[in-house]
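Novice: Listed here are the chains, written in short residue letters.
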Amino acid sequence: MDLVSYYYIIENIKDYPDYEFIARHDCGYWPLSAEIIDKTKGLLRIPRDGCAPYFMNTSICVIRAVDFNKPNFQVNPKKYIKKNPYIIFSNVHGLQNGYIKNHNLHHVNFYLKVESITDNFLTISGVKVVNYYHDGNTSEMLSPEKDAYFKNIGIFAVKAEPNKNSKMQKVYSDNLSDSNGTKNNSLEINESRIISNTSLNTWFFGLPLMAILIISFILLRKRKEH
Amino acid sequence: MSFLSHLVVALAATIFIEFFVYLAFICKKPIELLLFSILINSFTNPILNYFYNFEFCELYSLEILVTLIEGILIMLLMEIRYYRAMFISLAANLTSLLIGIIVFG
Chain A
15 MDLVSYYYII
25 ENIKDYPDYE
35 FIARHDCGYW
45 PLSAEIIDKT
55 KGLLRIPRDG
65 CAPYFMNTSI
75 CVIRAVDFNK
85 PNFQVNPKKY
95 IKKNPYIIFS
105 NVHGLQNGYI
115 KNHNLHHVNF
125 YLKVESITDN
135 FLTISGVKVV
145 NYYHDGNTSE
155 MLSPEKDAYF
165 KNIGIFAVKA
175 EPNKNSKMQK
185 VYSDNLSDSN
195 GTKNNSLEIN
205 ESRIISNTSL
215 NTWFFGLPLM
225 AILIISFILL
235 RKRKEH
Chain B
2 MSFLSHLVVA
12 LAATIFIEFF
22 VYLAFICKKP
32 IELLLFSILI
42 NSFTNPILNY
52 FYNFEFCELY
62 SLEILVTLIE
72 GILIMLLMEI
82 RYYRAMFISL
92 AANLTSLLIG
102 IIVFG
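Here the protein sequences come in this chain order: A and B. Taking the numbering used here, the leading residue of the first sequence gets 15, the next gets one more, and so forth. Taking the numbering used here, the leading residue of the second sequence gets 2, the next gets one more, and so forth.
Watch out, some of these pointers could steer you wrong.
To be verified - Straight-line C-alpha distance at most 25 angstroms; calculated DSS-like pairs for lysine-lysine: (1) B/Lys30 <-> A/Lys160; (2) A/Lys142 <-> A/Lys160; (3) A/Lys127 <-> B/Lys30; (4) A/Lys236 <-> B/Lys29; (5) A/Lys96 <-> B/Lys30.
Claimed, not checked - Some but not every residue of chain B turned toward chain A, in silico, with C-beta under 8 angstroms: (6) Leu5; (7) Pro47; (8) Tyr51; (9) Leu74; (10) Leu77; (11) Leu78; (12) Ile81.
No wet-lab data here; the hints were simulated from the structure. All values reported here derive from a predicted model rather than from experimental measurement. Note that the Cβ used here is the ideal one computed from N, Cα and C, for glycine as well.
Generate coordinates for the entire structure from the input sequences, incorporating the hints supplied.
Specialist: This is the structure in C-alpha cells:
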C-alpha cells in the first residue's frame, strides 16, 4: 500500500490574527504531539513518525493569542493542550495521511476554511480537494467523492469538547440566552452539532448502559439460582 | 480512520486481550469468559475513553478506577474471591495498557 501525503491548507487563516491555530497529533487515542500551524501559509502536514500511519490522526484547535503562552507550549505541547482551559476545540478530528493505490498520485491538498470561532467552538468547513500527480497534472475532486473525503477527515457534526473548568464554558453558558431569553444564533448551531452527534453518544453512553443492564440481569439470575 | 473507528478497534482489542488474561487465570468455560470480557469492557472502555478524550482526565487515574470497577464485576460474575478478582483485573488491565502503549506508542 502506498502512502500518499495529504496536506491541509486553511485558506483564510490570516483572517484570524488574534488566534493561534494548533494541530494536535494523536496515535489512536494516545496524544503524541502538538504544533502551531504556520499562519503565513496555513499549511499543516501530518507527521509520519512515532505512530503507524493507519492510527495517526490530527485535530485542530485554536487559542486566543492573548491567552497563549508560547514558552509553556514549547516545553510540553501535549500537556499544554490537555490542561489548558482556553483551548477552543473544533469539529475537525481525524486528519490523516492517505492510503491510495493510485501510483500516479503524488499528494493531495485539502483546502479548509474557518467558518467561525466562538468562545466555545471552532467551526471548519471543507472547500475543495485537489489531487497532484507525478506527471505535473492536477485534478479537483468532485462531490460526492469530495464530501466523503471530508467526512473521513472529520468534517462532519461532532460534539464540541468543552472543558468544565473552562472560562470559555462559562461564557458559553452565560451567552446561551440573551436578556430576552432568545438564543444566540451562532450558539444554536453549536448546540445542534452536539445533539446531532448520536453515534458518539450511543457509543459513550448507550453501550455502557446496555452492558451494565445485561450484567445486572446475569447477576440477578445467578442470585435466583443460588 | 474516524474517531469512532479508533474507539471500536480499541474496544475489540481490549476485549480479546483481557479475555486471554481471564482464561489464563481461570482456565474454564472460555465462552462464558469471553461473554464476561465483552460485557465488562463494553461497560468500562467507552466510559474511560469519554473521560480521557472529552474531560481530559489522567489516563493512569482512569485505569486505576477501571481496574477497581472491573475487579468488582469479575468477582460478582465469575464468583471468585475479592483479592483474586482484583489481581486478575490488575493483570488484565496492565496487559492491555502495555500492549496499547507498545502498539500506539
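Novice: For the restraint on tyrosine 51 of chain B, tell me whether the closest CB of chain A is nearer than 8 angstroms.
Specialist: At 4 angstroms from the nearest chain A Cβ, tyrosine 51 of chain B passes the 8 angstroms test, so the hint holds.
Novice: Straight-line Cα separation of lysine 96 of chain A and lysine 30 of chain B no greater than 25 angstroms?
Specialist: Answer violated: lysine 96 of chain A to lysine 30 of chain B is near 43 angstroms, above 25 angstroms.
Novice: Take the shortest C-beta to C-beta distance between leucine 77 of chain B and chain A; is it under 8 angstroms?
Specialist: holds, 6 angstroms
Novice: For the hint on proline 47 of chain B, just tell me whether its beta-carbon gets within less than 8 angstroms of chain A.
Specialist: holds, 5 angstroms
Novice: Check the hint pairing lysine 236 of chain A with lysine 29 of chain B against an upper bound of 25 angstroms on the C-alpha distance.
Specialist: holds, 18 angstroms
Novice: Against chain A, is leucine 5 of chain B within 8 angstroms by beta-carbon distance?
Specialist: holds, 6 angstroms
Novice: Under the criterion that the straight-line Cα-Cα distance not exceed 25 angstroms, is the pair lysine 30 of chain B, lysine 160 of chain A satisfied?
Specialist: Violated, because 49 angstroms separates the two Cα atoms, which is more than 25 angstroms.
Novice: Taking the closest Cβ pair, is leucine 78 of chain B under 8 angstroms from chain A?
Specialist: holds, 7 angstroms
Novice: A closest beta-carbon separation below 8 angstroms is what the hint needs, so does isoleucine 81 of chain B meet it against chain A?
Specialist: violated, 13 angstroms
Novice: Are the Cα atoms of lysine 127 of chain A and lysine 30 of chain B separated by 25 angstroms or less?
Specialist: violated, 55 angstroms
Novice: Just to be careful, I want the Cα atoms of lysine 142 of chain A and lysine 160 of chain A compared with a cutoff of 25 angstroms; is the pair within it?
Specialist: Roughly 7 angstroms separates the two Cα atoms, so the pair holds.
Novice: Does the CB of leucine 74 of chain B sit less than 8 angstroms away from some CB of chain A?
Specialist: holds, 6 angstroms
Hint compliance for this structure: hints 1, 3, 5, 12 are not met, and every other hint is.
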